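Trainee: As a plain string of letters, each chain reads:
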Amino acid sequence: MPADFAADTAPGSTKPDAVLTVDGVFRKFGGLRAVDVAHLEVQRGTITSLIGPNGAGKTTLFNLLTGFDKPDGGEWHLDGGTLVGIASYQVARRGMVRTFQLTKSLARLTVLENVLLGAPDQPGERLSRALFGGWAAKEATNTEKAFSLLDQFGLTDKRDDYAGSLSGGQRKLLEMARALMVDPAVIMLDEPMAGVNPALTQDLLHHVKALRDEQGKTVVFIEHDMDVVMDISDWVVCLAEGAVISEGPPEHVSTDERVIDAYLGSTHGDHA
Amino acid sequence: MDVGKILIDGLRAAVGVPAAAFAVSAVGLNLQFGYTGLLNFGHVGSMLLGAYGLAITVDLGGPMWLGVVAGIGAAVLFGLALGYPTLRLRADFLAITTIAASEILRLVFRSEFARPLTGGVFGIQSFADGFFALNPYPDGVYGLGTFRFDERQLWVMTLGWLLVGLGLAATRRLVYSPWGRTLKAVREDEDATASLGKNVFLIKLQSLMLGGAIGALGGMVLAIDQQNVNPDFFQPIVTFYVYTIVIMGGAATITGPVIGAVLFWFLFEAMDGFVGAAVELGWLGPWFDSTDVGPIRFAVFGLGLMLLMIFRPQGILGSREELMIDAR
Amino acid sequence: MWALALIGFTLLGPALPALADGELIKGVHEVRDGDERTPVGGVGVDVFVGEEEVGSATSADDGTWSVPVPGSGTYRVVLDVGSLPDGVAPTDPERTELDNVDVRSGQEKVVRFQLGPGRVVESDPWARAGNLFIVGLRFGSIIALSAIGLSMIYGVTGLVNFAHGELITLGAVITWWFNALLGWHLLLAAIPGVLAVAAFGGAQERWLWLPLRRRRSGTVALIVVSIGLSFLIRYGVVLVPFGGIPQSYRQYAIQEPWRFLGLEATPKTVAIIAASIVILGLVGLALQRSRTGMAMRAVSDNPDLARSSGIDVDRVILWTWIFGAGLAALGGVFFGISEGVEWQMGFRLLLMVFVAVVLGGLGSPYGAMLGGLLIGVLVEMSTLWLSVEFKNVIALGAMIVMLLFRPQGLLGQRERVG
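Protein sequences, first through last, are from chains A, B and C.
For what it's worth, the working numbering labels the leading residue of the first sequence as 1, then goes sequentially.
For what it's worth, the working numbering labels the leading residue of the second sequence as 1, then goes sequentially.
For what it's worth, the working numbering labels the leading residue of the third sequence as 1, then goes sequentially.
Just so you know, these hints were derived from the structure itself, not from any lab.
Quantities reported herein were computed from a predicted structural model and do not represent experimental measurements.
Keep in mind that a hint or two might mislead.
[Unchecked claim] In the DMTMM-like style, the derived pairs of lysine to aspartate or glutamate whose C-alpha atoms are separated by at most 20 Å in a straight line are:
1. Lys391/C <-> Glu97/C
2. Lys184/B <-> Asp121/A
3. Lys391/C <-> Glu339/C
4. Lys184/B <-> Asp161/A
5. Lys28/A <-> Glu241/A
6. Lys184/B <-> Asp160/A
7. Lys138/A <-> Glu113/A
8. Lys70/A <-> Asp191/B
9. Lys391/C <-> Glu112/B
10. Lys158/A <-> Glu144/A
11. Lys268/C <-> Asp301/C
12. Lys26/C <-> Glu97/C
13. Lys26/C <-> Asp62/C
14. Lys28/A <-> Asp80/C
15. Lys209/A <-> Asp225/A
16. Lys145/A <-> Asp121/A
17. Lys184/B <-> Asp23/A
18. Lys26/C <-> Asp80/C
19. Lys70/A <-> Asp23/A
20. Lys209/A <-> Asp231/A
21. Lys184/B <-> Glu139/A
22. Lys26/C <-> Asp102/C
23. Lys5/B <-> Glu280/B
24. Lys145/A <-> Asp183/A
[Claimed, not checked] Some chain C residues close to chain B (C-beta under 8 Å, calculated; not the full set):
25. Trp65
26. Val160
27. Gly228
28. Leu229
29. Tyr235
30. Leu396
31. Ile400
Where a beta carbon is used, it is the ideal one built from N, C-alpha and C, also for glycine.
Please model the entire structure based on the sequences and the hints provided.
Mentor: Structure follows, in structure tokens:
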């Protein structure tokens with residue numbers, strides 16, 4: 001666990017080195033405020049988990065922060081630069097990449113192609129270059145990097161298979177590898193453990209920790225399984241009805257009355 | 001019923017100008033539909049613009065090369081105009097907008113107020129003399145029996161199949177490039193592609209415009225062959241001929257458009273011959289006469305498209321497995 | 001020269017039979033007053049292509065006239081109003097000039113000018129606008145009726161049904177068969193027409209779309225299947241038995257317009273508008289109040305949630321098809337009453353239906369109603385300033401503007417992502 005943590009555990013507390021700050025972001029569906037975050041900071045180089053009962057607005061918050069949905073108000077910054085009104089692909093290029101709750105592997109691309117797609121600045125992605133050449137060198141270095149990522153995630157054997165033929169857990173791994181290929185500063189994982197068999201869960205956890213410890217990435221992730229949350233989080237943020245109701249180190253949040261009330265008060269049925 | 005002649009007519013169509021022209025057009029649609037997953041139901045609009053761009057330019061006294069440029073330019077702009085408002089939305093919006101736009105394009109081109117430029121319902125004729133003046137084939141008829149072509153047809157076929165060859169080479173180069181990878185990624189999942197920093201909107205727009213330009217070339221080959229453009233040729237059903245060709249040959253395969261075009265025109269001509277003969281011989285009963293042959297062929301075409309999509313969506317030669325992992 | 005080229009094109013050309021000779025435009029000038037028909041001789045007709053006259057004729061004593069034309073194409077047929085004898089006038093002053101008379105290869109096209117006792121009314125601009133508004137309302141209600149089904153089927157299944165236009169045509173054509181061939185009164189003939197199409201909609205769902213959804217066919221595949229189906233029906237089921245010549249119903253073909261405050265409208269126009277408004281109201285009520293209607297809205301909003309809350313989703317979809325097809329058929333009958341029955345009428349209307357559902361919001365039945373009425377009035381009123389040939393362009397323009405600025409349509413909801 002990295003050193004100095006903010007001792008302040010009030011919702012919306014400031015952090016020593018915030019990479020992501022959110023101010024007054026809200027989004028209404030019908031009359032309901034699905035997301036309504038007054039202030040939130042995410043500290044660089046930590047694993048922050050986002051918890052909360054079903055319908056608390058966790059995925060919607062992810063969508064808003066990464067440009068996949070537009071808020072009705074508020075602003076948020078990545079490394080000091082505003083992300084308001086920035087298209088989703090631009091958010092990724094600026095260093096914040098997300099994965100999806102339901103894995104979106106590109107089924108009829110091979111595993112290797114999936115990972116290569118993540119590479120930034122490939123000149124061959126311009127139509128003119130694609131026709132007239134001048135991208136082979138970059139592709140070679142990208143491929144090398146892709147090989148090492150596939151190796152790291154144990155997908156080397158599968159690299160020429162269609163991604164659609166992978167198992168659910170392998171797809172989660174692939175999605176993570178693909179996101180890393182973008183080389184982001186912040187990586188946002190939407191329920192990376194959902195639907196994965198228990199044997200692979202440990203493997204995935206190990207990979208998430210490695211993102212922080214070996215690559216110095218900031219990880220924000222949504223997770224339902226409290227054991228997993230307690231195991232790997234440096235910091236936990238609890239959402240309920242769209243708002244941050246509690247945040248702090250895992251042991252703090254797990255004993256917070258408001259968190260327990262939120263979970264008991266909701267009619268949640270699954271902890272999948 | 002002369003089965004031999006019917007089959008030879010089929011073969012003639014399968015290697016002739018219609019197959020070549022539709023193969024060119026299908027190369028464009030394959031890029032849009034097969035590789036990018038775009039539901040462009042207005043492909044015939046690009047073909048119309050290609051044909052008319054050429055015809056109008058020459059009709060106004062311009063050179064043929066300028067006509068080619070104008071036709072391609074018009075088709076590219078058509079793609080831009082339709083793509084810009086719709087490509088950020090669900091796939092269905094593109095389908096609805098493009099089919100409406102292509103049909104309206106036809107109505108505008110055949111309308112009275114456009115007649116000074118487009119010739120209205122009469123179209124424009126004799127604009128490809130420059131092309132035929134370059135014909136290297138000596139006058140004469142080439143081939144055996146009923147399987148023959150005159151020097152003009154042969155010259156247009158040469159142009160058509162040459163364009164097909166170029167189209168396939170370009171497709172190959174493009175789909176194996178990183179740009180082609182982004183096309184396929186968009187087809188599989190737009191959100192995932194965007195989450196990796198790719199500008200999905202731009203990729204789709206490029207694919208739509210490039211495919212439209214290739215479709216325009218196909219329209220030009222047809223127009224040159226006939227030395228005639230007429231708005232009523234460019235009915236919405238033509239778009240679906242091209243779809244049938246792409247699907248039959250195998251969507252998102254490089255040679256699919258060619259295999260599909262050859263098969264399609266063989267089947268279409270042969271079926272036409274059989275239906276015509278069957279009606280004439282009274283095999284279908286007393287309810288049908290010769291005026292029903294046309295409608296019956298289109299009805300059979302519709303049925304064929306349905307069955308193809310239901311039972312062999314991977315194409316006549318495609319493998320089932322690759323399709324099974326398709327989540328669309 | 002171009003006739004030769006045309007023959008060449010028929011090798012490829014859709015809907016162009018292989019032989020091209022003997023095209024002519026013909027008709028009978030007769031005054032209809034109730035059921036009484038009196039032929040009118042000595043009345044002139046001129047046929048133009050653009051400003052160029054290609055032929056003319058004067059009716060014989062039995063009222064018949066015919067003008068040979070150079071080939072298939074679109075002609076403008078103009079009634080020489082000056083040659084009408086006293087006491088005979090066109091019943092619809094707007095229709096003394098027919099702009100888009102399509103003649104197919106080899107066709108003997110029948111054109112009819114509606115003549116009746118009376119005199120020509122000169123209308124001032126305001127009355128003209130008012131009359132166009134009424135016509136637009138009629139066209140709009142027909143679009144609205146037809147569009148509800150398309151939009152709701154999209155709502156509950158995600159399918160944009162490109163064969164929806166054929167439901168419209170079938171409604172009009174089956175009704176015509178009962179009306180003209182079996183001699184049933186139109187109002188009676190419409191009942192089997194609408195019911196048959198409703199049943200056909202249900203059958204399609206049960207034996208085509210439901211099995212395809214069960215096989216997990218993708219949206220794209222389903223859309224392409226619907227296109228194949230539209231060609232199969234349009235050509236095989238309609239064009240072969242019905243033929244390419246437009247027909248009209250036995251009743252209400254010719255009517256003396258009612259006049260009121262300088263405005264005029266035929267009784268059938270008023271009846272179509274009134275009936276449509278009542279039916280649209282009933283549909284709205286059914287969606288709000290009836291169990292099936294509420295279930296339809298629930299499935300449309302969120303199929304998974306609806307399923308998990310105990311709604312039999314497949315049954316709801318089946319009823320949506322039955323109701324949607326029946327409404328489209330009714331729209332077809334009204335369209336047939338107002339503009340004649342023709343094998344391509346559904347496809348022509350489908351483009352307007354698409355515009356209507358996009359304007360109103362794809363998937364929203366109320367949006368389809370609103371969009372239909374708006375687009376009907378818009379395109380008809382546009383002829384105040386623009387050529388009739390711009391109608392479709394106006395409609396497409398409206399659709400594109402809506403997609404640019406409010407893609408979810410007037411009554412649609414912004415889509416949730418992720």
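Trainee: Confirm or reject each hint.
Mentor: Checked hints:
| no. | hint | in the structure |
| --- | --- | --- |
| 1 | Lys391/C <-> Glu97/C | holds (17 Å) |
| 2 | Lys184/B <-> Asp121/A | holds (18 Å) |
| 3 | Lys391/C <-> Glu339/C | holds (16 Å) |
| 4 | Lys184/B <-> Asp161/A | holds (15 Å) |
| 5 | Lys28/A <-> Glu241/A | holds (11 Å) |
| 6 | Lys184/B <-> Asp160/A | holds (16 Å) |
| 7 | Lys138/A <-> Glu113/A | holds (14 Å) |
| 8 | Lys70/A <-> Asp191/B | holds (15 Å) |
| 9 | Lys391/C <-> Glu112/B | holds (14 Å) |
| 10 | Lys158/A <-> Glu144/A | holds (16 Å) |
| 11 | Lys268/C <-> Asp301/C | violated (37 Å) |
| 12 | Lys26/C <-> Glu97/C | holds (15 Å) |
| 13 | Lys26/C <-> Asp62/C | holds (13 Å) |
| 14 | Lys28/A <-> Asp80/C | violated (64 Å) |
| 15 | Lys209/A <-> Asp225/A | holds (16 Å) |
| 16 | Lys145/A <-> Asp121/A | holds (14 Å) |
| 17 | Lys184/B <-> Asp23/A | violated (37 Å) |
| 18 | Lys26/C <-> Asp80/C | holds (15 Å) |
| 19 | Lys70/A <-> Asp23/A | holds (14 Å) |
| 20 | Lys209/A <-> Asp231/A | holds (10 Å) |
| 21 | Lys184/B <-> Glu139/A | holds (17 Å) |
| 22 | Lys26/C <-> Asp102/C | holds (13 Å) |
| 23 | Lys5/B <-> Glu280/B | holds (16 Å) |
| 24 | Lys145/A <-> Asp183/A | holds (11 Å) |
| 25 | Trp65 | violated (22 Å) |
| 26 | Val160 | holds (5 Å) |
| 27 | Gly228 | holds (3 Å) |
| 28 | Leu229 | holds (6 Å) |
| 29 | Tyr235 | holds (4 Å) |
| 30 | Leu396 | holds (5 Å) |
| 31 | Ile400 | holds (5 Å) |
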